[in-house]
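The residues making up each chain are set out below.
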Amino acid sequence: MDAINVAVIVKLEPDFSEGNVSYNPDGTLNRAETKNILGPHSAIAVNAAFYAKVKHGARISIGTMGPPVAESMLQYSQLISDADELYLYSDRIFAGADTLATAEVLKSGILKMQGKMDIVFSGHRASDGETGQTGPQTAWKLGMTFLGNVIDYEIDPESRTIRAKRLVRLQGIYDVVEEVEAPLPVFIAIDPSYKPKFNTVSQRLAYEKYQKEARHRAQDFKQYFKLFNAAQIEADPKLIGISGSPTIVYKVERIPKGKATRQAEIIDGSDQEQIRKIVAKMRQSLSTMVIK
Amino acid sequence: MEKYDVAIIGGGSAGLAALKRLSTLGKQAVLFEAGEKIGSKNISGGILYSKKPKKGKTHNVEDIYENFLTDKPYERRITKYVLHATSKDKVFSIDLTAAHEYEANFGCSVLMNKLNQWFLQQAQEAAEKQGGGIVSGVHVKDIRWEAGQTIVQTNELDEVAVKAIIAADGVNSEIAYMTGARQKFSPSQLYQGVKVVVKLPEGIMNERFSMGEDEGAAHLFAGDVTLDHIGGGFLYTNRDTLSVGAVYHLDSLLETPVEPYELVNALLRNPMVSDLIRDEVPVRGEIDKNLAKEEQMRIRFAVTKMIKTWTEMREAYHSKSERDRLVREGKYASPEEMEAQLSSIRDQMTTKYGMKFETDYVEAEYSAKLVPDGKRCRMERPYFKNILFSGDAAGRGIFVGPRIEGLNVGIDDAVRAADAVARALDKDNFDESYLGQYYSQSVGESPYTHDLKSIDKDYLKIFLDAAKDVPKDIINSKYGMVVKMMSSKTLRSFAVGFANILGYEKILPVIETVETYVKVPTELAERLGKSVSASYTPTIPSIAQRVAKLKFNDDSIPHIRVLKPTSEFMKKMTILCPTRCYLMEKNGVMIQHEGCVECGTCAEETEWSHPRGEKGINYQFG
Ligand SMILES: Cc1cc2nc3c(=O)[nH]c(=O)nc-3n(C[C@H](O)[C@H](O)[C@H](O)COP(=O)(O)OP(=O)(O)OC[C@H]3O[C@@H](n4cnc5c(N)ncnc54)[C@H](O)[C@@H]3O)c2cc1C
Ligand code: SF4
Numbered sequence: 572m573d574a575i576n577v578a579v580i581v582k583l584e585p586d587f588s589e590g591n592v593s594y595n596p597d598g599t600l601n602r603a604e605t606k607n608i609l610g611p612h613s614a615i616a617v618n619a620a621f622y623a624k625v626k627h628g629a630r631i632s633i634g635t636m637g638p639p640v641a642e643s644m645l646q647y648s649q650l651i652s653d654a655d656e657l658y659l660y661s662d663r664i665f666a667g668a669d670t671l672a673t674a675e676v677l678k679s680g681i682l683k684m685q686g687k688m689d690i691v692f693s694g695h696r697a698s699d700g701e702t703g704q705t706g707p708q709t710a711w712k713l714g715m716t717f718l719g720n721v722i723d724y725e726i727d728p729e730s731r732t733i734r735a736k737r738l739v740r741l742q743g744i745y746d747v748v749e750e751v752e753a754p755l756p757v758f759i760a761i762d763p764s765y766k767p768k769f770n771t772v773s774q775r776l777a778y779e780k781y782q783k784e785a786r787h788r789a790q791d792f793k794q795y796f797k798l799f800n801a802a803q804i805e806a807d808p809k810l811i812g813i814s815g816s817p818t819i820v821y822k823v824e825r826i827p828k829g830k831a832t833r834q835a836e837i838i839d840g841s842d843q844e845q846i847r848k849i850v851a852k853m854r855q856s857l858s859t860m861v862i863k
Numbered sequence: 002m003e004k005y006d007v008a009i010i011g012g013g014s015a016g017l018a019a020l021k022r023l024s025t026l027g028k029q030a031v032l033f034e035a036g037e038k039i040g041s042k043n044i045s046g047g048i049l050y051s052k053k054p055k056k057g058k059t060h061n062v063e064d065i066y067e068n069f070l071t072d073k074p075y076e077r078r079i080t081k082y083v084l085h086a087t088s089k090d091k092v093f094s095i096d097l098t099a100a101h102e103y104e105a106n107f108g109c110s111v112l113m114n115k116l117n118q119w120f121l122q123q124a125q126e127a128a129e130k131q132g133g134g135i136v137s138g139v140h141v142k143d144i145r146w147e148a149g150q151t152i153v154q155t156n157e158l159d160e161v162a163v164k165a166i167i168a169a170d171g172v173n174s175e176i177a178y179m180t181g182a183r184q185k186f187s188p189s190q191l192y193q194g195v196k197v198v199v200k201l202p203e204g205i206m207n208e209r210f211s212m213g214e215d216e217g218a219a220h221l222f223a224g225d226v227t228l229d230h231i232g233g234g235f236l237y238t239n240r241d242t243l244s245v246g247a248v249y250h251l252d253s254l255l256e257t258p259v260e261p262y263e264l265v266n267a268l269l270r271n272p273m274v275s276d277l278i279r280d281e282v283p284v285r286g287e288i289d290k291n292l293a294k295e296e297q298m299r300i301r302f303a304v305t306k307m308i309k310t311w312t313e314m315r316e317a318y319h320s321k322s323e324r325d326r327l328v329r330e331g332k333y334a335s336p337e338e339m340e341a342q343l344s345s346i347r348d349q350m351t352t353k354y355g356m357k358f359e360t361d362y363v364e365a366e367y368s369a370k371l372v373p374d375g376k377r378c379r380m381e382r383p384y385f386k387n388i389l390f391s392g393d394a395a396g397r398g399i400f401v402g403p404r405i406e407g408l409n410v411g412i413d414d415a416v417r418a419a420d421a422v423a424r425a426l427d428k429d430n431f432d433e434s435y436l437g438q439y440y441s442q443s444v445g446e447s448p449y450t451h452d453l454k455s456i457d458k459d460y461l462k463i464f465l466d467a468a469k470d471v472p473k474d475i476i477n478s479k480y481g482m483v484v485k486m487m488s489s490k491t492l493r494s495f496a497v498g499f500a501n502i503l504g505y506e507k508i509l510p511v512i513e514t515v516e517t518y519v520k521v522p523t524e525l526a527e528r529l530g531k532s533v534s535a536s537y538t539p540t541i542p543s544i545a546q547r548v549a550k551l552k553f554n555d556d557s558i559p560h561i562r563v564l565k566p567t568s569e570f571m572k573k574m575t576i577l578c579p580t581r582c583y584l585m586e587k588n589g590v591m592i593q594h595e596g597c598v599e600c601g602t603c604a605e606e607t608e609w610s611h612p613r614g615e616k617g618i619n620y621q622f623g
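Just so you know, the protein sequences line up as chains W and L, in that order.
So for the first sequence, our numbering puts the first residue at 572; every next one is plus one.
So for the second sequence, our numbering puts the first residue at 2; every next one is plus one.
In short, the hints are calculated from the structure, not lab data.
Please read these numbers as outputs of a predicted model, since none were measured by experiment.
For each residue, glycine too, the CB sits at the ideal point set by N, CA and C.
Do not take every clue at face value.
[Unchecked claim] Result set (SDA-like, lysine to any residue): computed pairs, CA atoms no more than 20 Å apart in a straight line:
1. K780(W) x G27(L)
2. K4(L) x D432(L)
3. K130(L) x Y778(W)
4. K768(W) x E615(L)
5. K56(L) x E608(L)
6. K783(W) x E37(L)
7. K353(L) x N291(L)
8. K783(W) x E126(L)
9. K768(W) x K38(L)
[Said to hold, decoys possible] What follows is a list of derived Cβ distance ranges for each label pair:
10. K56(L) x K783(W): 31 to 37 Å
11. K294(L) x D839(W): 29 to 35 Å
12. H787(W) x K587(L): 55 to 61 Å
So here's chain W without its partners, still in its complex pose (with noise of 0.2 Å):
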């Protein structure tokens, strides 16, 4: 049986969590003081990935396409998931790459990882204005069969095949959880709820024993730490960086406060007649209501 490969493509974000924020006077970011760390939804997928070597043994890659500070993030990567290999694109022709230009580098940077993959994490979204689109055009620039909002997975390594439970969010109506299986290899991006459970004492042990390994492994993180420009990853120049980037940015506008539509009255007298006046109201407007 072959061992499992995974990599996990993660993202450096401005620490959004309390205290660790700078503002302009405006009252926008202000991104040079803003310390950066590793998004949270990236840090669910590298979860996402470290269950899978505590189950199966797993190689774990970790690809981040950003500037050279990015290495004190794949650094702390390795810490949470005792990661084997950690590869950092980057390259000045990158900037200003939209989601597709980025998904074309990541999608070249896994291709020059060790190992054919057998699946690919992403995060759900990055929290500093991304749409959710890098990890599904990653998946489709790779080939792969693409899972989306998964919350839970088991991997069958005899069979190679995965079985992935999904949240699907029916808008404002209800949440459902719809199990798929797949051939692997496939693309992943980890739903924010999900949670890694180890059930067996074993997996806990292997836990514990990952664990301590990455603490050493991220010492000498170096040792695994690959840096690669874009003609190292062999991507094609037309498709990375402001020429592979069709998106325009017209303007990030702060939300306007919505003006309240709703209008408040209040009913006094005993709690009885209060009561009793409240059930009037909700019947004459239930009775407006078009129910079909």
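On the provided structure of chain W, position chain L with the ligands as indicated by the hints.
Relative to the frame of chain W, chain L with the ligands by itself:
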């Protein structure tokens, strides 16, 4: 079902020692600990001893952990040990360093979170080599025997089958009640211990206690600080904190209930203690209410940040090792530069933000736990089927006068349990007659068991010599005869011999009384004590503030159920619960389990279990 050779339940100092020993002997064992992290549920006073008894051999911490003396996971070696009798502002002190050093290789102060984390590293490494290890955040809820297998059931993981179990799950051992191996301990067999950890920068502490870097002091207190209860207070120096606490007989507390924290507060308010714990504390200035809201907020944040920076830097500056490290790593050019920066921050705090610096003390953590009185409650048969009980779970702790020892006793037990289990594994025989009885005999041979049963006349002599300045008439009224005999060279042997024939159980009611812990010390202090004064009155946090500072991971399922809401015992819990979890309602007492520190005080008349894995209290110091 997964199978392992041995399960160890509880990752306190006893359980961890068992794991380390078994693993060193090449056996596979898995340790289950309910706390989120090892060390998060353990508290102690505490001084950890290593002993060299005249007769027999104890298994000491440094025998089990080869790196103990080089890695120094402890706080300080205790080199001075003093007992203080108190009455208001008067203190009479008796140096008991000789008693502390009696039959000891060393005694060092420890904080359980740090110490057990270090034990964990050592034990885990050894255990992994044998295919075992440690799983924390897992609460064992049941054990059953089925088809020749022993099955361990937890709240969190799938069941596992094992061949033998070492139960080191502490004083409130569910494994013990659940299997019926023993009854719950009764109040007359227990002490309640309550402690606060107080911050004090290392260098300042060294100066104040006139001690070097690896020296430490222990101070014990009796007299009016007991608020008329049987027990006493302690103050131990750690590296850059102090442990200040109180340990009292639970039945004495039940007789005349007093809030446990008031016992600690009484100690903190004693002028001698107040003065020992004092520090320089920044106090926020008023923020101008006329400023814009945002500006007020900005100032509040800035002040918080400054206090943090100043405190951390000051701690580092006053610690020689930290100071050296920061200079070595090039953060500062010299200690002088550090000092200059520190005072510049301080200046800014006062001039720019209108802060003041006052004398007060800084509390970091409040904690509480029951302590088994081994003289009265040690299990005569510390086993049940293929389960061996060790440490507090087996009710083993030596608390005799100023001797407070549970940690070392638990480690010694655990090693004996590990050895017995290893022997059983070799023969694949886990019958009570082969495993349990062998362990029981080994524990019986421990010098600690001997100390739990009888008075050591050499120890007594040291004690009496230290107290020779105590005027005889103070104690004469009640103990005249006894003291006379004990103090006399010729009669001591005879008196001790006679006392030992009677046995501790018979003579304890004479020794452990309000007379010895309260009246005699109070009178001593009044007649012979020196007046002590403190330059300030400590601002003692309320119990609500103390609880608010603790870290909890609340369990949605209550782990304690009140069975007799109107019983006298339960009514007293409204006072005796150290974190005030009990309220008096119309129909009797009600528990509000948020804030429960799992001390066990209310266990006697409740359905009591530890919270599920990772839940409940999470101590940072211990
Ligand atoms: C205030 C105070 C002062 C003291 N002073 C001293 C001193 O100066 N010197 C000294 O030697 N001793 C002292 N002691 C006693 C000493 O601290 C104890 O004897 C010692 O800590 C007991 O260790 P243990 O490993 O037996 O139990 P514990 O430390 O209580 O460990 C038991 C562990 O088992 C876990 N557990 C319980 N149930 C389960 C379950 N069902 N499943 C999984 N895990 C479970 C708990 O979470 C806990 O971590 C003092 C005690 C107190 C309270
Ligand atoms: S509720 Fe019981 S166990 Fe919890 S802190 Fe109070 S007395 Fe202790």
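Cross-check of the supplied hints:
1. Only pairs whose Cα atoms come within 20 Å are accepted, and K780(W) paired with G27(L) is accepted, the gap being roughly 18 Å.
2. At most 20 Å may separate the alpha-carbon atoms for a hinted pair to count; K4(L) and D432(L) meet this at roughly 19 Å.
3. The suggested pairing of K130(L) with Y778(W) holds, with an alpha-carbon distance near 15 Å, which does not exceed 20 Å.
4. For the proposed pair K768(W) and E615(L), the alpha carbon gap of about 14 Å is at most 20 Å, so the pair holds.
5. Annotation: proposed proximity of K56(L) to E608(L) is violated, straight-line Cα distance about 42 Å (limit 20 Å).
6. Note on K783(W) and E37(L): the hinted pairing holds, with a Cα-Cα distance of about 16 Å set against a maximum of 20 Å.
7. For the hint pairing K353(L) with N291(L), the CA-to-CA distance comes to about 17 Å; that is within 20 Å, so the pair holds.
8. About 10 Å separates the Cα atoms of K783(W) and E126(L), which keeps this hinted pair within 20 Å; it holds.
9. With a C-alpha separation of about 17 Å, the suggested pairing of K768(W) with K38(L) holds against the 20 Å cut-off.
10. Between K56(L) and K783(W) the Cβ separation comes to about 42 Å, which falls outside the hinted range of 31 to 37 Å.
11. For K294(L) and D839(W), the hinted distance range of 29 to 35 Å is satisfied, since their beta carbons lie about 33 Å from each other.
12. Distance hint check for H787(W) and K587(L): the Cβ-Cβ separation is about 59 Å, which falls inside the suggested range of 55 to 61 Å.
Hint compliance for this structure: hints 5 and 10 are broken, all remaining hints hold.
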